[in-house]
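Asks: If you want the building blocks of each chain, they are given just below.
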Amino acid sequence: MRIDGDWALCDDGVIRPVVRGEVEAADGSWRAAPFLVDLGADCTVLAHDVLRSLGFSTTGQQNLGGIGGTTDARVLDTRVRLLRDDGSRVTFRGKYAALMSPEAGDLSVLGRDILGHFAVIADQPGGVVCLIRGRHRYTIEPC
Amino acid sequence: MERFVVSLPPPSTILEEVTDPVELAAAGAQREQFDRNWRWFQDHAAAIFRDYRGKHLCIAGEELFAADMTDEAVERARQAHPDDAGWFVWYVPLKKMPRIYANRW
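Here the protein sequences line up with chains A and B, keeping their order.
Its first residue numbered 0, the first sequence is counted upward by one per residue in numbering that gives the first Met the number 0.
Its first residue numbered 0, the second sequence is counted upward by one per residue in numbering that gives the first Met the number 0.
Just so you know, the hints here were simulated from the structure itself, not pulled from any lab data.
Warning: the hint list may mix true and false statements.
[Unchecked claim] Simulated pairs of lysine-lysine, DSBU-like, Cα-Cα distance not exceeding 35 Å: (1) K94/A - K54/B; (2) K94/B - K54/B; (3) K95/B - K54/B; (4) K94/B - K94/A; (5) K94/A - K95/B.
From a predicted model like this one, the values you see are computed outputs, not experimental measurements.
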């Protein structure tokens, strides 16, 4: 299985690795959303604006901790859907945190609760962002 | 060199393959629209980030809708492009700053 991403320009002028996917909304439809590929994040987190667009009445409350302290988040039971290189799709069902403040994070984050299913390639010099598993493999060789 | 292998617990999410042809067709159409909106957004990103600090954005129909609230931006975008399922939202932070995205429950 292979899922391709992009290097995307963000608001601070920094290029970051992004995988684009969809999040299932409360009404069963899907909302397009870019995700930062972040192997340092323990869990996937939805940005505040994405949460607002999903139409959930949020229930559980969590604190998310980062370098700068903690921030309020809500927990959603939903699915994230990603596009495979062969055109098919794969979904990830789970409990996802969603930020309650827009300033807490502009981009949704794909954390290790999803990335842990894959080998993750984020090759900035080569312009490659890629998640692979199953019959897809990578090799590292001297040039 | 000795290689250390750590045994890790499985990820907490459940991976499922989508096999429903109706869902796959709808997802394909949505993705084509998302691709177009994303390309447009990235092509204009530098100017958008410069001009819309602190604004909530919705990109639909390869067009930008900016507002003070997410819902307002989405509503305007959906009214202008009701057939575009590939719209997406983005918040432009008020200030530029380095970001550490790592999070922990």
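Asks: Mind listing which of the numbered hints don't hold for this structure, in increasing order?
Replies: none
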